[in-house]
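Student: Chains as they are written, first to last, in our numbering: chain A, 4 to 210; chain B, 968 to 1164.
Rather than coming from a laboratory, the hints here were simulated on the basis of the structure. Here the structure is a predicted model, which is why all the values come from computation and not from measurement. Be aware that one or more of the hints could be misleading.
Sample of chain B residues at the chain A side, in silico, Cβ under 8 Å [claimed, not checked]:
#  : residue
1  : Arg1012
2  : Gly1016
3  : Arg1071
4  : Glu1076
5  : Leu1090
6  : Val1092
7  : Leu1141
8  : Ser1142
9  : Gln1143
10 : Ala1144
11 : Val1157
12 : Gly1161
Beta-carbon label-pair distances, calculated as ranges [stated by the list, open to error]:
#  : chain 1 : residue 1 : chain 2 : residue 2 : range
13 : A       : Val83     : B       : Pro1043   : 29 to 35 Å
14 : A       : His79     : B       : Ala1119   : 35 to 41 Å
15 : A       : Pro124    : B       : Gly1004   : 34 to 40 Å
16 : B       : Arg989    : A       : Pro124    : 45 to 51 Å
17 : A       : His159    : B       : Pro1043   : 28 to 34 Å
18 : A       : Gly64     : B       : Pro1089   : 34 to 40 Å
The following residues of chain A were derived to be distant from chain B, with all beta-carbon distances above 10 Å [said to hold, decoys possible]:
#  : residue
19 : Asp46
20 : Arg60
21 : Leu74
22 : Val83
23 : Asp121
24 : Gly137
25 : Arg175
26 : Thr210
Note that CB positions come from ideal geometry on N, CA and C, so glycine has one too.
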Amino acid sequence: MGAISTADAPLRPAAAHRSDERIRSAALECFARRGVTRTTVDDIAVEAGVSRATLYRAFPGGKDTLVDAVLGRELHRFFVELSDELARHPDPEGLLVAGVGAALRFLTTHPALRAVLDHEPELVLSQVAFHRLGPILDAAVAFAAPYLRPHVRSDHPDPDAAATEVADLLVRLVLSHALEPSPRLDPHDHASVTRHVRQHLLPALTT
Amino acid sequence: MSGRAELAERVLDATYAEVAARGLGQLTVEGVAVRAGSSRATLYRHFPGGRDELVARTIGREVERFFTAVLDAAPPAGDGVVRHVAGVVRAAHRLLGEHAVLQRLLVEEADAIVPSLATVQPLVVSGLAGHLERVLADARERDEVRRDADVADAADHCARLVLSYVGSAGRWDLSQAPEAERLVRDRILVGVLGASR
């Protein structure tokens, strides 16, 4: 999130924002330690070093609101990190290796996501299967397609559609490997990612 | 079939019928026993894991039947690897849509059924990848697939994506053969197909 001007938020002094942020971080810590279901509002308040009353003032919906707030913040961080990474690669192979690698490293090492997948996978899996995948796919494809668009071959009859189709494929592939990691595509091994990109993904983008 | 295997089949049939009739939330070992014409004690002897084991094994059997039906409906692999894989995608997408019990569970009890399906997902991926590996290896002999392609790797890649598109087609109209073939030829298998694609 960017800086918040005093004109926009005269009622919430900077100290309150710092405290909100500390509560969000504490919630993420707690989720990483024991999953979402077993975490209570009290656990989060203790971890953040604030009272229950302070926590509910900042997040009136309690745990559900905090889950949404943390998820929103982590998704924001995911896309910011990814766009920083992607901006450094003007060539299509470098772009695909960096994008797939960074996305998978983020998702396979995220402590809270892994804790939830280990202890209560239904919370995640039920959100990314069948018809529920649609909105997630749309958001991720809208993010990825513009990076791919310049690399579609110049005589393609519909380059926007091609970029969208390849973005869609990449998102599905990353999601599959994030939920079900495989040594065939090891995001910590540059050679492994490069091999996969050269074999399957670069041809899909540039052919 | 032995008496033991026959009973197990009958119990899984009864579990499926109970879920179809009442939903997953209402499923009890008692109800399955009554429907199978057996007793709770006998059921627990054969399925010590109780309700969870009944659900897991019934889903496992349904998934296996589903993919047998899918492979039966797809054009034979000898007709060409793209036609075959596209046929698998179309048949699976169509049969999934026509599966009345699954579709109702996805609407009414998604939070209960999706995790159960997800737990069999790795088995489905590896089962489908095993099939595709044989198909791709044969296609490589016919020069449909490049000589230097790693077919085990391509099969895993293809299986993951096929399952994703089958479950949620997104922007693709998978009822149309040309569209499904374009997806397989230009996006999923593009890197391993030979020059004659």
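Student: Taking the hints in turn, state whether each one holds.
Tutor: Structure-based check of all given hints:
1. Arg1012: violated, 30 Å
2. Gly1016: Hint violated; glycine 1016 of chain B Cβ to chain A Cβ min 18 Å, cut 8 Å.
3. Arg1071: With Cβ-Cβ at 13 Å, over 8 Å, it is violated.
4. Glu1076: violated, 10 Å
5. Leu1090: With a minimum Cβ separation of about 11 Å from chain A (threshold 8 Å), the hint on leucine 1090 of chain B is violated.
6. Val1092: holds, 7 Å
7. Leu1141: Given a least distance of 13 Å, the restraint on leucine 1141 of chain B is violated.
8. Ser1142: violated, 16 Å
9. Gln1143: Since chain A brings no Cβ nearer than about 15 Å to glutamine 1143 of chain B, farther than 8 Å, the hint is violated.
10. Ala1144: violated, 18 Å
11. Val1157: This interface hint holds because 5 Å falls under the 8 Å limit.
12. Gly1161: violated, 12 Å
13. A:Val83 <-> B:Pro1043: 29 to 35 Å: violated, 49 Å
14. A:His79 <-> B:Ala1119: 35 to 41 Å: With Cβ atoms ~38 Å apart, the hint holds.
15. A:Pro124 <-> B:Gly1004: 34 to 40 Å: holds, 36 Å
16. B:Arg989 <-> A:Pro124: 45 to 51 Å: Check failed, 25 Å falls outside 45 to 51 Å.
17. A:His159 <-> B:Pro1043: 28 to 34 Å: Given range 28 to 34 Å: holds, Cβ gap about 33 Å.
18. A:Gly64 <-> B:Pro1089: 34 to 40 Å: holds, 35 Å
19. Asp46: Check passes; 24 Å lies beyond 10 Å.
20. Arg60: holds, 31 Å
21. Leu74: Nearest chain B Cβ is 17 Å from leucine 74 of chain A, so the label holds.
22. Val83: Holds: least Cβ distance 25 Å, greater than 10 Å.
23. Asp121: For aspartate 121 of chain A, whose nearest Cβ neighbour in chain B is about 13 Å away, the distance exceeds 10 Å, so it holds.
24. Gly137: violated, 6 Å
25. Arg175: violated, 4 Å
26. Thr210: Nearest chain B Cβ is 5 Å from threonine 210 of chain A, so the label is violated.
Of the hints listed earlier, those the structure fails to meet are numbers 1, 2, 3, 4, 5, 7, 8, 9, 10, 12, 13, 16, 24, 25 and 26, in rising order.
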